[in-house]
Amino acid sequence: MTPILEVRNLSKHYQRVEAVKGISFSIPAGICFGLLGPNGAGKSTTIEMIEGIKTPTSGEIYYKGNIRGSDFAQQCGIQFQSTALPDFLRVREVLKLFHSFYDKTLAIEELITLCDLGEFLEQEANKLSGGQKQRLLLALALINDPEIVFLDEPTTGLDPQSRRRFWHLIDKIKRQGKTVILTTHYMDEAESLCDDLVIIDHGKIIAQGSPRQLLQEHLPHRQVSFDASENFCTDRLSGEISRNPGTLTIETLSIETTLRELQNSAADLSTLRVYNPTLEDLFLKLTGHGLRE
Amino acid sequence: MVKFWALFAARNMEFYRDRAALSWAFIFPLLIIVGCALAFSRPDETLIRLGIIGENSDLKSVNLAEQRYVELTYFDSTKRALEQIRHHQIDLLIEPKSEGLNYWLNPESASALAARELLLALDADKNLHEQTLSGQAIRYVDWVMPGVLAMNMMFAALFGIGYVIVRYRQNGVLKRFQATPVSSLQFISAQMASRLLIVVAVNSLIFIGCDYFLDLLMLGSYSTLLLIALIGAVSLLSLGLVIASRTASEELAGGLLNTLTWPMMFFSEIWFSLENAPEWMQQFAALMPLTHIVQAARAVMIEGATLAMISHHLMALSLMTLMMLLLAARLFRWQRE
Numbered sequence: 001m002t003p004i005l006e007v008r009n010l011s012k013h014y015q016r017v018e019a020v021k022g023i024s025f026s027i028p029a030g031i032c033f034g035l036l037g038p039n040g041a042g043k044s045t046t047i048e049m050i051e052g053i054k055t056p057t058s059g060e061i062y063y064k065g066n067i068r069g070s071d072f073a074q075q076c077g078i079q080f081q082s083t084a085l086p087d088f089l090r091v092r093e094v095l096k097l098f099h100s101f102y103d104k105t106l107a108i109e110e111l112i113t114l115c116d117l118g119e120f121l122e123q124e125a126n127k128l129s130g131g132q133k134q135r136l137l138l139a140l141a142l143i144n145d146p147e148i149v150f151l152d153e154p155t156t157g158l159d160p161q162s163r164r165r166f167w168h169l170i171d172k173i174k175r176q177g178k179t180v181i182l183t184t185h186y187m188d189e190a191e192s193l194c195d196d197l198v199i200i201d202h203g204k205i206i207a208q209g210s211p212r213q214l215l216q217e218h219l220p221h222r223q224v225s226f227d228a229s230e231n232f233c234t235d236r237l238s239g240e241i242s243r244n245p246g247t248l249t250i251e252t253l254s255i256e257t258t259l260r261e262l263q264n265s266a267a268d269l270s271t272l273r274v275y276n277p278t279l280e281d282l283f284l285k286l287t288g289h290g291l292r293e
Numbered sequence: 294m295v296k297f298w299a300l301f302a303a304r305n306m307e308f309y310r311d312r313a314a315l316s317w318a319f320i321f322p323l324l325i326i327v328g329c330a331l332a333f334s335r336p337d338e339t340l341i342r343l344g345i346i347g348e349n350s351d352l353k354s355v356n357l358a359e360q361r362y363v364e365l366t367y368f369d370s371t372k373r374a375l376e377q378i379r380h381h382q383i384d385l386l387i388e389p390k391s392e393g394l395n396y397w398l399n400p401e402s403a404s405a406l407a408a409r410e411l412l413l414a415l416d417a418d419k420n421l422h423e424q425t426l427s428g429q430a431i432r433y434v435d436w437v438m439p440g441v442l443a444m445n446m447m448f449a450a451l452f453g454i455g456y457v458i459v460r461y462r463q464n465g466v467l468k469r470f471q472a473t474p475v476s477s478l479q480f481i482s483a484q485m486a487s488r489l490l491i492v493v494a495v496n497s498l499i500f501i502g503c504d505y506f507l508d509l510l511m512l513g514s515y516s517t518l519l520l521i522a523l524i525g526a527v528s529l530l531s532l533g534l535v536i537a538s539r540t541a542s543e544e545l546a547g548g549l550l551n552t553l554t555w556p557m558m559f560f561s562e563i564w565f566s567l568e569n570a571p572e573w574m575q576q577f578a579a580l581m582p583l584t585h586i587v588q589a590a591r592a593v594m595i596e597g598a599t600l601a602m603i604s605h606h607l608m609a610l611s612l613m614t615l616m617m618l619l620l621a622a623r624l625f626r627w628q629r630e
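Chains as they are written, first to last, in the numbering used here: chain A, 1 to 293; chain B, 294 to 630.
Any given hint might turn out to be false.
[To be verified] Under the rule of at most 30 Å between Cα atoms (straight-line distance), these lysine-lysine pairs were calculated in the DSBU-like manner:
# : chain 1 : residue 1 : chain 2 : residue 2
1 : B       : Lys296    : A       : Lys64
2 : A       : Lys127    : B       : Lys468
3 : B       : Lys296    : A       : Lys54
4 : B       : Lys468    : A       : Lys64
5 : A       : Lys204    : B       : Lys468
If you're looking for bench data, these hints aren't it; they were derived computationally from the structure.
Nothing here was measured: the structure is a model prediction, and the numbers come from that model.
Just chain B, same shape as in the assembly (with noise of 0.2 Å):
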């Protein structure tokens, strides 16, 4: 063990003292939460957000629907328009019909409320039908936060392990190494748990700087929050060491590495459900760690999950964990071929 903490204190102070990678560590969240900050705290007051079911819905006699300060939302699907509704994300729900009007709020929203009196006034020739439904409101900062976070983790470990060990591998550090007592996995260890430490008191920090700006929604438990950081973080890990674990250019590990980020940003639903995806899609998407790191992060923010019903996340990560950690010492060279 002596060796391994010697290892992981000198990993930790050439990051503290590697200014550029130090500031752009805290520079790169801050932008982000600048920008979420921007993106989504303005207030958007003067507009109704209206969903109608049905695309094809004709809505030549909705005298609401007409009115130029309402946003029309077509949905396919009754269900999701009705989450929509629960948590405020739009303020009343249509189903025109023959006979007259099917309408959905939540009168906890104060802007659904707002949206009914006008209907009402506007619509009141109409048959209609009122049902009301309960639950918090979840802005679509609160829905992509835990996405951002995820996506900010999966650069810093990715590029953190892979880009480290590749450069110790080109300049010779990792040929030193090999020639003391140091075993491979203590090396490999201390440097996945010093930047372990880096990226999760990173994140930590991020969120704590998004909550105090943005005021997030979180209805589950901080300490399981954190666990789906720390499993999540090790794998991530665990797939950037795969990476390095044999290759001795960093173009060719930046090559590697874009690569992987670029479909894990798509199509791990950070900023898009791929609910109505196809069913290729999500099963392609299930295959990656971040996909069950933001699912995980995101049932517990806004929807209050517990550690059991996120259970299944943690057990796909670290059996990806145990198969990435298999495969990158199988693969791992101490020096270049």
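Extracted from the complex, chain A is given alone in its bound form (with noise of 0.2 Å):
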């Protein structure tokens, strides 16, 4: 089946930067794909030239297998990291004002319900909320009921709530069978929501699958942990096991095995705890140094 996006050796040289250094990949339709990466990675770089709001300095990108055509901003949906919005202008006025830009729409009562934005309707568009912000700029992105949604790191600065609240608006373009692709800073967001991802750092791919496969590729290993004294008898525990005071921790590839063998230790399973390894750990492992750097 043909992706819905392929990109194909992009890079971008700004002067005597290389931010993107050819990088490719394919996106099949319908699903959430993640561009992963620090501040400074390419990753809005990438997706900018996707967009067609940057010119690549080269590199090709196939929409539905043909090359990006200059339509492609009536088919798409973006959402920026940051942008402003004119001035003194009502959340409804910029509904429509957008709505007026396209050839295919939604309609805007729609659209209200969709991104929830019954309740600051008349508010200036530029004195709400950052959550309100962020859901009226979503509005706009799919004002044009379009089949692939660029959301370029839409959750940043948000409160918990507003961030999960906000998921809960990307799992319902999801079950549209929209195609979104989506740019973050925040793990939990690209597990939560993403179906595939790439990690990128320097401006390249470092690694490319969807978090599950990704995680047991390159970690495989689980933590477990206990309260135990000095004394704790380990010879029938099998893993890397590493001690800390009050607290013994195995590194294992099957939790259940360490379970019995704990259980035969006689081990005090009430202070239990297990660590599985996030995308973070696994960014960690790959690149060396924290994600937020």
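Each chain sits in its own coordinate frame; assemble them with the hints.
Structure below.
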């Protein structure tokens, strides 16, 4: 099946900086695809080249099997990382303004319901709270009922409640069969929303796959820890064992095996803790530095 | 066209709701009207304005020139002096000669008749030779008002379009529009049309206000004057667009706009004529759109010039507009680079 979007050897050079270094990936229709990486990794530049906002230095971009055309703006939805709207316009007026730009559109009332804009329709768009503004910007990205939606760090700076609410909206969009391309540096967001992802650092893709695949491939071990005295006998335990004062940690490929061994060793399982590696751990392993640097 | 009208309406709404900008758009012209009314409407009947041909004329024998209530103005150019007599800008013009005194007046001016009576009484012993001219009175306020209106139009057009587009670029509004099917031509033309409406409407109100308080001289056609305002405003908006086409900083835009407006304020004959200025200065002034707007508007208002008579100014403005629009189109960027 032809991917909805395909990128081949995409590069972007700014005078002395190579922001994106020949990256390639393809995105099947109907999934949420994530571009992950720290600030300055090149993910926003990549997404803006695909959107047509920035011109690539080299490489090709295919939409539904054809070179992306000049009418791509009619067919895609875009939400930028940071954007302003014309001053003094109210939410409903902003919706009407953007509604007039497209040939095919969703009804404004439908968008209001979908993005939950009803409570602040008559407020000035530039005076909304962070969460409200992001919902309005999402509505603008969906106003032409696009098959593909680009969301560039849509939840940066939002409080946890607003982030969860936004995730819920993205889920609704996915259920409508739209393809969502999401950049984020929040790993929990990527794990929760993305079906497939690439991790970008220094303008290059350093890992690609579904969150589960990537974790299984690169970080197959789980950490099991529990309170234990220094005299606790570890002879019957397999896996890599480390001791901290009062705590014993085992890195294991099989939780079941480790639990059985602990029961046989008469360990105090009431303090048992199991830690599953995250994408952040994966990133640390792959790049050697933290995601939010 | 749907996109154009939506952007046009949105920009108008934005201007209308920006109370500070809206207020200033009307307060500034109001200040101009009040200032002009205070400066020019006070009667100055106690003085006799006496013109003298030749800066080195010997006035010792002219008794009228010795009076303390007489204001003297010297002229190098006889033609210019006669124009001032014709339009009541001086009351009497004299040219001392060894064999007597030549003098000119416009009998339609009451103060000119009074000045003649004084001359005949005080200098009756001289051989006086009288010549008369006719023409309607033109006060300085009539002469200067086309320039003041054009100046206001220049500020409203250049800063109105320049600052708005630069601010849009700086805060990311332009980038958001770039991501839609709106073309740069649709966006820019809507911004220009909105500003054109505002500039012409505000200037029309100032004209009406000044006319009410100062009873401005208007010898030409109002439709020709409106055409000059429209073509002139478009040329100034195009100039503002060149500045705004790529600039991403409001500070830089402010500096560039001031660099443009100050020379135009001085060299476009707003406050004084360049008739006797060096040739290079007149040629330099002719490169500025404001010069053509001021000269064309002044010709229509105080000389009754027809559309054909000022068509060369409109051609120059149209040519400048075309060049500036082409340059702006070439330079325009949605985002900072």
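Against the structure, the hints come out as follows:
1. Lys296(B) to Lys64(A): 27 Å, holds
2. Lys127(A) to Lys468(B): 20 Å, holds
3. Lys296(B) to Lys54(A): 23 Å, holds
4. Lys468(B) to Lys64(A): Status holds; Cα separation ~25 Å.
5. Lys204(A) to Lys468(B): OK: Lys204(A) and Lys468(B) at ~26 Å, within 30 Å.
Checked against the numbered hints given earlier, this structure breaks none of them.
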